[in-house]
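K.L.:
Each chain is listed here by its residues.
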Amino acid sequence: MSQALRAASIALAAACCLNAGCGPNADFASATKQPAQRIEFWTLALAPFEPYLRERIAAFERIHPGAQVVWVDVPFEAIDRKLTAAAAAGRAPDVLNLSDRTFGRFAGLGAMADLRPLLEFRAEDIYLDGALSIGRFGNRLLAVPWYLTTQISMVNAELLDRGGLKFDNLARDWSGLRSQAIAYRAKTGKHLFSLPLGEESQLPIIMWAENLRPLRPSAADGGRLVSNLLDERVAAYIRGWVDFYRSGAMPSEAATRDHSHLTEMYQNRELAQIDSGPNFLKRVQDVAPGVYASTVARAPVTGMSGKSHIATMVVAVTRRSRQPKLASQFAAFITSPESQTEFCRLAPILPSTPASLRSEIFTAQESSTDKVAAARSIAAASLRDAVALTPAMEVWPDLRRAFEESMKRMLLDARDTDAELRELNDTWNAILSEGPPAFEECLPRLAPGIEPAEARP
Amino acid sequence: MTGRLAHRRLTPYLFVAPALALLAIFVGAAFIRVVYLSFTHFTAFSDAPLWVGFSNYSAALTSNRFWMALLNTAAYLLVTPALVALSLLAALIVHTGLRGSGALRVTLFLPVVTPAIVGALAWQLLLKDHGLLNAALASIGAEPIPWLTRRPWTLISPMLVTLWKGFGFYMMIFLAGLLAVPRELEEAAAIDGGGRWSIFRHVVLPAIWPVVVLVLVVSSISALKVFDEIFVTVKGVPIEHQTLVPLVFNTAFEARGGDHGLASAIGILLFLVILAFSIVNLRISRRKAAGAPA
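If you read the protein sequences in the order shown, they are chains A and B.
So that you can map any letter, position 88 of the first sequence is 88 in the working numbering, and since no number is skipped, the others follow by simple counting.
So that you can map any letter, position 259 of the second sequence is 259 in the working numbering, and since no number is skipped, the others follow by simple counting.
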């Protein structure tokens with residue numbers, strides 16, 4: 001045997017030994033210990049609540065002997081890519097926590113299982129109707145609601161003062177804020193507020209709160225929804241925002257960056273007002289104590305309807321799950337009133353079950369002097385004027401994406417607004433005609449609010 | 001005798017076999033799958049790829065986005081000459097052996113070992129509306145530049161990151177080439193009355209020409225495949241402002257439906273562009289090398 005072959009044989013033998021120690025055998029050893037039923041559960045940026053989630057998973061595993069829940073936390077901004085890549089590789093998780101926006105996209109792709117035949121109870125008996133509507137697609141229920149986050153308005157009183165504005169005089173609706181922002185910019189060189197207009201545009205949501213309808217049922221098409229972007233009021237509204245952006249009263253990042261640009265700018269004293277979740281105040285307290293000291297919280301900015309948007313986190317079961325029954329049981333368990341009430345004690349969130357909403361957590365903090373607790377109280381109180389402004393239709397994420405791309409061209413490439421709107425209108429109609437038919441009942445209902453009267457604190 | 005000869009012939013193949021096996025699995029198999037997917041309609045949640053023939057290719061080639069991205073990719077190649085010139089200049093300075101050239105070499109190489117994402121994020125802070133560069137411009141009374149939002153700055157900004165990140169690496173390659181140039185040749189040319197520029201042009205440059213070709217080809221291919229710098233620095237700008245690889249990413253993971261078939265087709269078209277470009281680049285460079293004065 002030549003030296004080279006001998007060396008190769010030794011290397012091969014060494015590799016086999018290594019494999020025997022920590023390779024397939026190790027896998028085999030763990031595989032033999034695997035429980036009969038294993039499900040994977042992905043959450044969205046919930047790593048800070050690891051003890052809570054571990055405790056809940058352990059409780060579920062106690063109730064379901066032989067079940068094992070593998071928990072994976074995924075960063076908020078990476079969920080789309082990670083889920084798409086995992087699904088393409090045939091390794092999608094069984095149970096998924098998604099935001100209403102991301103959920104719509106994957107529901108539209110047929111990624112979620114219908115929970116109606118899997119759940120052992122009537123979802124309408126457990127969850128708030130407004131929150132449940134996000135997961136309802138016709139007769140199917142593709143997700144159950146988990147926790148809700150309403151925004152509150154945070155105002156840097158010191159910055160406001162520099163622009164000659166007082167807290168009490170600051171407008172509480174978007175059109176009023178826009179009027180004040182131009183003068184504020186001229187006086188201070190800073191921005192009064194900002195809003196994502198291009199990337200993750202908030203306009204398709206805000207329009208509903210402004211009593212505008214970017215979609216309308218077509219009588220000629222049996223009530224099927226069609227684009228209403230060329231409606232005089234809708235077009236004028238969009239044009240107004242484009243002109244406002246072009247005037248320079250908004251930071252340029254409003255066209256290209258999502259909500260994160262608001263939080264960065266507010267912390268850096270470049271924005272006087274921000275609408276965000278109440279937990280953001282805690283972050284300001286940690287990273288910018290000076291800004292925290294001059295921050296005052298108030299109810300969120302609303303549209304003409306007086307309503308604001310409520311973001312709903314949902315839990316869904318993927319269509320390709322090998323354990324759909326167990327996965328749906330886990331989805332029901334983690335979103336149960338008991339689990340949600342416990343979660344609300346730990347995090348500045350709101351529950352999606354009336355039972356949890358009756359908890360003392362949402363009534364005891366009204367008089368709190370702690371700003372974060374007070375902010376959470378304001379958020380809870382604003383529930384009665386909050387509505388899920390996301391249409392429950394498979395193609396809504398596609399409509400939003402087309403809208404965002406079009407907005408970016410209008411804002412950044414100085415494209416003619418009317419021509420761009422006409423193109424966008426055609427694109428929307430093409431998307432709507434290619435997708436499953438959607439009707440009036442898919443659209444956000446501005447009244448009643450998300451919270452049933454009897455559940456209010 | 002014959003057995004020993006056979007062993008001698010086999011030995012090199014045994015050594016490269018593990019690397020070839022890895023390449024076959026992680027590059028070859030992946031490439032074949034992408035070629036297959038490019039002829040199918042396939043999303044992450046499709047049950048199985050559906051054969052659609054050349055329709056992905058025709059969709060890509062008739063799409064305005066593809067041509068815009070290709071145009072932007074071609075424009076991005078402008079970074080290559082700047083990269084070659086700067087790295088060669090830096091290598092020449094470091095090669096002089098002046099005091100502090102060792103420290104300079106380390107400093108210039110630092111961006112290479114900095115992760116691309118970290119570098120791009122740092123540049124984003126420099127280039128944003130209220131960033132340091134605009135503050136510097138304001139201090140001399142100049143208008144701020146919308147580095148991260150408006151054309152052509154949305155292409156120039158990632159180019160700056162590519163330049164900053166790449167030139168230290170290419171400097172080291174040039175430095176290796178310069179060290180291989182025999183000193184006697186330069187000394188002989190100096191004795192014959194050659195000036196610095198003349199010696200560089202007629203002695204050093206022809207000697208390191210193969211290195212210049214290598215750097216040109218490698219940096220051009222990198223420029224054609226640019227992704228990190230664009231994805232981080234100007235994320236959020238319209239896709240029409242971006243190059244081909246971000247378009248592939250957008251098509252596969254972000255755009256409507258997550259179309260892996262169309263994304264694969266665009267990827268294959270990009271591969272063909274790079275292949276053609278590299279062949280042409282090599283031929284021109286070799287022809288020039290053959291005709292270059294010795």
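Hint data in this document are derived by calculation from the structure and do not stem from the laboratory.
Treat the hints with care, as some may be off.
[Claimed, not checked] Simulated coverage check for chain A against chain B, where a stretch passes if three residues somewhere in it have a Cβ under 8 Å from a Cβ of chain B:
id, segment
1, 405 to 419
2, 422 to 430
[What the hints assert, rightly or not] 30 Å max Cα-Cα, derived DSBU-like pairs, lysine-lysine:
id, chain 1, residue 1, chain 2, residue 2
3, A, K371, A, K82
4, A, K190, A, K371
5, B, K288, B, K235
6, A, K166, A, K82
7, B, K225, A, K82
8, A, K282, B, K235
9, A, K82, A, K190
10, A, K187, A, K166
11, A, K190, B, K225
12, B, K235, A, K82
13, A, K325, A, K82
14, B, K225, B, K235
Note that this is a predicted model, so its numbers are computed, not measured.
Positions of the beta carbon are idealized from the N, C-alpha and C atoms, including for glycine.
K.L.:
Can you confirm whether the C-alpha distance between B/K225 and B/K235 stays at or below 30 Å?
P.N.:
Holds, because 16 Å separates the two Cα atoms, which is no more than 30 Å.
K.L.:
Is the hinted pair B/K235 and A/K82 satisfied, with a Cα-Cα distance of at most 30 Å?
P.N.:
Within the cut-off at roughly 18 Å; holds.
K.L.:
What's the verdict on B/K225 and A/K82, does the C-alpha distance respect the 30 Å limit or exceed it?
P.N.:
With a Cα-Cα distance of about 22 Å, the restraint between B/K225 and A/K82 holds, given a limit of 30 Å.
K.L.:
Holds or violated: are the alpha carbons of A/K325 and A/K82 at most 30 Å from each other?
P.N.:
Measuring from Cα to Cα gives roughly 24 Å; hence the hint holds.
K.L.:
Can the restraint linking A/K82 and A/K190 be considered satisfied, given a maximum Cα separation of 30 Å?
P.N.:
Given pair A/K82, A/K190 is violated - Cα atoms ~37 Å apart, limit 30 Å.
K.L.:
Count the residues of the segment 405 to 419 of chain A with a beta-carbon closer than 8 Å to any beta-carbon of chain B: does the count reach three?
P.N.:
It holds, with 5 qualifying residues against the three required.
K.L.:
Does B/K235 sit within 30 Å of A/K282, going by the straight-line distance between their CA atoms?
P.N.:
Distance of about 28 Å is within 30 Å: holds.
K.L.:
Would the pair B/K288 and B/K235 pass a check requiring their Cα atoms to be no farther apart than 30 Å?
P.N.:
violated, 40 Å
K.L.:
Starting from A/K187, check that the Cα of A/K166 is at most 30 Å away, please.
P.N.:
Between A/K187 and A/K166 the Cα gap is close to 14 Å, so the pair holds against 30 Å.
K.L.:
Take the C-alpha atoms of A/K190 and B/K225, compute the straight-line distance between them, and say whether it is at most 30 Å.
P.N.:
Outside the cut-off at roughly 39 Å; violated.
K.L.:
What's the verdict on A/K190 and A/K371, does the C-alpha distance respect the 30 Å limit or exceed it?
P.N.:
holds, 25 Å
K.L.:
For the pair supplied as a hint, A/K371 and A/K82, confirm whether the alpha-carbon distance does not exceed 30 Å.
P.N.:
Roughly 36 Å between the alpha carbons, so the hint for A/K371 and A/K82 is violated.
The structure does not agree with the numbered hints 2, 3, 5, 6, 9 and 11 stated previously, though it agrees with the rest.
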